[in-house]
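Novice: Based on the sequences and whatever the hints tell you, model everything.
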Amino acid sequence: MPRETAYELSIDHVQVLESDGSVDAELEPDLSEDDLLEMYWTMKRSRRLDERAIALQRRGELGTYAPATGQEAAQVGSAHALADEDWMVTSFRETPAYLARGTPPHMLLWYAMGMEEGSATTRESRNMPPSIPVGSQALHGAGLGWAQEIADEDAASLVYFGDGATSEGDVYEATNLAGVFGSHTVFLCQNNQYAISVPRAKQTRAETLAQKAAAAGIEGVQVDGNDVLGTYAVVRDALESAREGDPVFVEALTYRRSLHTTSDDPSVYRQEEEEEEWEARDPLTRFETYLRNRDTLDDDRIADIEASIEDDLREEIRLGNEGREAVDVEEMFEYAYETPIPEVERQRAAFRGEDRD
Amino acid sequence: MTEKLRLVEAVRDTLFAEMARDDSVVVYGQDVGRNGGVFRATQGLLDEYPNRVYDAPVAEAGIVGLGVGLGVYGFTPVPEIEFSGFMHQAFHQIQQHVSRLRSRTRGELNCPMTIRAPYGGGIHALEHHSESFEAGYAHTPGLKVVVPSTPADAKGLLTSSIRDPDPVVFFEPTRLYRSFREEMPEGEYTVPLGEADVVREGDDVTVVAWGAMRHRVLDAAENVDANVEVVDPRSIVPLDTETVLESVRKTGRCVVVHEAPKTGGMAAEITARINDRALYYLEAPVQRVTGYDVPYPLFAREDDYVPDEDRIRRGIERALPE
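One line per chain: the protein sequences are A and B, in this order. The opening residue of the first sequence carries number 1 in the numbering used here; numbering runs sequentially from there. The opening residue of the second sequence carries number 1001 in the numbering used here; numbering runs sequentially from there.
It should be emphasised that the hints constitute simulated quantities derived from the structure, not laboratory data. A quick note: this is a predicted structure, and the numbers were derived from the prediction, not measured. Mixed in with the good hints, there may be bad ones.
[What the hints assert, rightly or not] Chain B stretches covered by chain A per the calculated footprint, using a threshold of three residues with CB under 8 Å from any CB of chain A:
1. 1050-1061
2. 1073-1084
3. 1155-1167
4. 1175-1182
5. 1248-1261
6. 1292-1303
Ideal Cβ positions, reconstructed from N, Cα and C, are used throughout, including at glycine.
Specialist: Right under this line is the structure:
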């Protein structure tokens, strides 16, 4: 019996900004000077926050922290494409994305200090709290996007997850359900090449992660995730599509230049040559060269920005420590339920040292 | 009091009423739309509310996980899981997200979902269709767990669950879906979560039971030589400990009956609470009559696994004076 092609699949790869800072003028997004500087500031601030957080962890002042160094373009580029009414759903490595959406660094520090105060997002911010179980949050993004479809709202939801998450059933279910229900959802897979120590090649035999969209019948596209302009442009278009009820899966090719978390030692599973290769493709250096080339930045402005980031982070770390000192332990009983549960109230009383019967 | 309804019809009526009352209620799940649910609990809803009732693909984790998004957005999701035995595929979403969202966000975001699922054995179903895992959900802080035992309670408790701001797992005993009819309270009717029903008053021994077991216990109570008080907690979380203790302090004896396996089951928890706060009222050790610590068997052995009237009667007799 002759065989015919039932379905053909191809995945586009998009790149706007090259490693040397040169740009594809045709694809270059129309971003204002202020937008570009804000993106630069956020990327730089995030990287510096990573450094400070690792140092704080080494001094015993933070618990586990997951640095996003190397992934600033993928996150800031994508988050910058969000409108205020859009929802953002994150994993546990989204410092740059939270900063881009206005979350103050001291809240991220609070979370790393082991305090729920740090994940106490506000409903108005339309940011979900960090989700630790790998890939599980993709369904929440699909659900928010479905809600936007049911409510007929001109808004979308952007979900962040990593390459490892694509091995989880929840990510497949999320893309599939989003397709079925016309969810206003963009799935942003930051392919940072490693799921802790397991390299991308051992994660799946699929050529790209973007092609995983095909199984769910939604659009998949790949972008250079170290290219902040390309990521911005691709995610901006994907959000437009999602707002019309056509979800999109975006694979942003990037690299986790630092540790998986502060309890990880990448020298066990990574080669120095590979790290050097990706250093040359660093998203911040590339963007800085681009901004210098178009005279948006020079040495003086960079020095000013760096100084302002130092001042800002000093104050944020102070707020972080202040919050830690103010922890009211009993509040753990406060938020488990909205309506009181007698047994929980008894335990709260016992915690206070009150005998009750 | 007018119409007589079966439990499944009471559930359906309540869904209609709550969808009419509150535009935010969204019903979805496998086969709940065109087919009206495998037990017909959602029959007709799709025609009445085409934009708020959805058939979902076979994806339990997905169904519950989407509900987190719907709930955060402002909807009141009322998903149906076709059988509670398949809710384990969604347990991680329930345990890691649904139950914790409020704590995680310091009360800013919540997930007011009511997850409905058929529960318990007695209908000669396939494997994984008959388990009673209420203790597993009760062991998950942040959740409420409700098991109605009568049509009127199904209406009152489901109404309260849907209106509750906290997430609720609502287990509907499959054996009771069509087993009997009951006159329904008319109009608006709620049963508060956490308020037990003293179904039968007695002085000699307290028997605590819920779901299908409540009815077996009532039958058994007729055939023992004692005046049995029967307490149906109606919700496992919150559990109306006070009513149980009050009854035990009166009778001095207690038996807890459930279909679930013995080890770590709710009977153990109820026994522990009695030990904590009513030990010196006890005239005999608290007895447990439960399923066995073996996988719920295929239906050829089901009737011997689930506590029957005889086992319940013997359990009660063990608690009585010699």
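Novice: Confirm or reject each hint.
Specialist: Taking the hints in turn, this is what the structure says about them:
no.	hint	verdict
1	1050-1061	holds (count 7)
2	1073-1084	holds (count 3)
3	1155-1167	holds (count 3)
4	1175-1182	violated (count 0)
5	1248-1261	violated (count 0)
6	1292-1303	violated (count 0)
Violation of the numbered hints given earlier is confined to hints 4, 5, 6; the remaining hints are satisfied by the structure.
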